[in-house]
Amino acid sequence: MKIFFEQSGGVAGIANNISIDSNSLDHQEASELQHLVDNSNFFDLPSESTAQLRGADYLEYKITIETNDNKKHSIKTTDLTIPPNVAPLIRYLRRKAVREER
Amino acid sequence: MNPSSSYCFIIPPDLLYQIIKEGTSEQKDKAIRTLELSESLRTQRSILSKLGGSLLRVAGHQQKRRIVYDAKHSDYVFSLPGEPKRYEDTQDTGDKDVNRCFNNTGLVYDFYKEVFMRNSIDDNGMAMHSSVHFGVDFDNAIWTGNQMVYGDGSDLFLKKGSVASNLTVTAHELTHGVTDNEANLVYRGQPGAMNEHMSDVFAIMCDQWFNKHTVAESSWLIGKDMLVEGQALRSIKEPGTAYPSDKQISHIEDYHVGMRIHYSSGIPNRAFYLTCNEIGNNSYSWEKAGKVWYIALKDRLREYSRFQDAADLLFDIAGSVFGKDSKEQNAVYKGWEAVGIIPREEGPNLVKVIGEKRIQD
Numbered sequence: 000m001k002i003f004f005e006q007s008g009g010v011a012g013i014a015n016n017i018s019i020d021s022n023s024l025d026h027q028e029a030s031e032l033q034h035l036v037d038n039s040n041f042f043d044l045p046s047e048s049t050a051q052l053r054g055a056d057y058l059e060y061k062i063t064i065e066t067n068d069n070k071k072h073s074i075k076t077t078d079l080t081i082p083p084n085v086a087p088l089i090r091y092l093r094r095k096a097v098r099e100e101r
Numbered sequence: 000m001n002p003s004s005s006y007c008f009i010i011p012p013d014l015l016y017q018i019i020k021e022g023t024s025e026q027k028d029k030a031i032r033t034l035e036l037s038e039s040l041r042t043q044r045s046i047l048s049k050l051g052g053s054l055l056r057v058a059g060h061q062q063k064r065r066i067v068y069d070a071k072h073s074d075y076v077f078s079l080p081g082e083p084k085r086y087e088d089t090q091d092t093g094d095k096d097v098n099r100c101f102n103n104t105g106l107v108y109d110f111y112k113e114v115f116m117r118n119s120i121d122d123n124g125m126a127m128h129s130s131v132h133f134g135v136d137f138d139n140a141i142w143t144g145n146q147m148v149y150g151d152g153s154d155l156f157l158k159k160g161s162v163a164s165n166l167t168v169t170a171h172e173l174t175h176g177v178t179d180n181e182a183n184l185v186y187r188g189q190p191g192a193m194n195e196h197m198s199d200v201f202a203i204m205c206d207q208w209f210n211k212h213t214v215a216e217s218s219w220l221i222g223k224d225m226l227v228e229g230q231a232l233r234s235i236k237e238p239g240t241a242y243p244s245d246k247q248i249s250h251i252e253d254y255h256v257g258m259r260i261h262y263s264s265g266i267p268n269r270a271f272y273l274t275c276n277e278i279g280n281n282s283y284s285w286e287k288a289g290k291v292w293y294i295a296l297k298d299r300l301r302e303y304s305r306f307q308d309a310a311d312l313l314f315d316i317a318g319s320v321f322g323k324d325s326k327e328q329n330a331v332y333k334g335w336e337a338v339g340i341i342p343r344e345e346g347p348n349l350v351k352v353i354g355e356k357r358i359q360d
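Which chain is which? The protein sequence lines are R and V, in order.
In this text, residue positions in the first sequence follow numbering that gives the first Met the number 0: the first is 0, and each later residue adds one.
In this text, residue positions in the second sequence follow numbering that gives the first Met the number 0: the first is 0, and each later residue adds one.
Source of the hints: derived by calculation from the structure; they are not laboratory data.
For each residue, glycine too, the CB sits at the ideal point set by N, CA and C.
Hints should not be assumed to be uniformly reliable.
Capping the alpha-carbon separation at 16 angstroms, the derived lysine to aspartate or glutamate pairs in EDC-like fashion look like this [to be verified]:
| hint | chain 1 | residue 1 | chain 2 | residue 2 |
| --- | --- | --- | --- | --- |
| 1 | V | Lys63 | V | Asp136 |
| 2 | R | Lys95 | V | Asp154 |
| 3 | R | Lys95 | V | Glu21 |
So, partial list: chain R residues that the calculated Cβ filter (under 7 angstroms) puts toward chain V [claimed, not checked]:
| hint | residue |
| --- | --- |
| 4 | Met0 |
| 5 | Ala11 |
| 6 | Leu32 |
| 7 | Leu35 |
| 8 | Val36 |
| 9 | Ala50 |
| 10 | Arg53 |
| 11 | Ala55 |
| 12 | Asp56 |
| 13 | Lys75 |
| 14 | Asp78 |
| 15 | Pro83 |
Taking the hints into account, I'd like the entire structure generated from these sequences.
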């Protein structure tokens, strides 16, 4: 499974990107990531969850996941519109992106 | 005292609505305070929409009203605001983030009240709701359209405990609320950059006002000492120099369509700094430039105002307030001229400012 994650905006206005190939992760982390993806029902999510009328400094996210059997799906969301079951996956990816950036 | 012990949160919204609408003035006041402390902002919105806001405006408060909540690490905005932890008349809690956020929110209120005679976010005594401990290691602060929200920081990007305790961050977020209530600049394109710009310049003016710093004495930094690597989130004086990979720009030549608004806001930010410096580096920013910018935000800028519109309006306002060809008006001209946007002597084209939805370029 491959994951492409883009994060931008926020009060800092800094953009971060990260690509993850679960085959390159150790078994425990790969299993944790698979669990987060499964729990998010990622492939059933609408591709855009960004509709909002107000607010500022929210982070914007784009996630694309490609499975080993070539199933591919992308979603866009923000801190203000994030579907609750995707929050743990985004939390994991956000930390991973910050670590990579450093 | 436990804040939640003084107010009842189990009164059904319909009953609150009836009390606010038909109760005695004492009952109304208690119901309104209960509504302000409601754990559900959706409940507040539901009642406010029924009332049309009119009764709350009539009851408009003249004192600051802060409420700080603990989001308890939820990263789902619909669970906000969280558990109320501190509001007026309560003492320090054991939570540093709650206390610092509470105190800083009060300073921002005092700044707007004393300098611009503005009574809170809506200029009508609106209660200021803030939630701390949002998400897990969340490196951000947000204005949701209803309230301020602060993460804890991850110690990877932002230092832990830095987000909710930084005065410029609180002033930046609260000013997004002021902008929502005034110019209502859309949050993309050049109007979005102007929206960010207003939050940055009122945040730095608040910091300078609190510290009694002149133009020369100020760091001109937003979010100073918050980053694990870098000196701040942004430099208003020298955009693009706050941290190693800072991409903020400071001249219109470097602008392109689709640029992120936190990058392009460096253009008006630099114009503001240069204006203040031109007025006098031993002067206070909020006294003259601040006055001009506040009038623009409150009365002249519109949803789709762009950089040129802002330069024209600010030049026009400076002429009205301080006189044609005054030092202050010339300072506004020089500030914008230096970032490549020449204020038009004939003044703003109001038809363009109000009538067109030009946000792509």
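Do the hints match the structure? See the list:
no.	hint	result
1	V:Lys63 x V:Asp136	30 angstroms, violated
2	R:Lys95 x V:Asp154	13 angstroms, holds
3	R:Lys95 x V:Glu21	55 angstroms, violated
4	Met0	23 angstroms, violated
5	Ala11	5 angstroms, holds
6	Leu32	17 angstroms, violated
7	Leu35	13 angstroms, violated
8	Val36	17 angstroms, violated
9	Ala50	13 angstroms, violated
10	Arg53	3 angstroms, holds
11	Ala55	4 angstroms, holds
12	Asp56	5 angstroms, holds
13	Lys75	14 angstroms, violated
14	Asp78	6 angstroms, holds
15	Pro83	5 angstroms, holds
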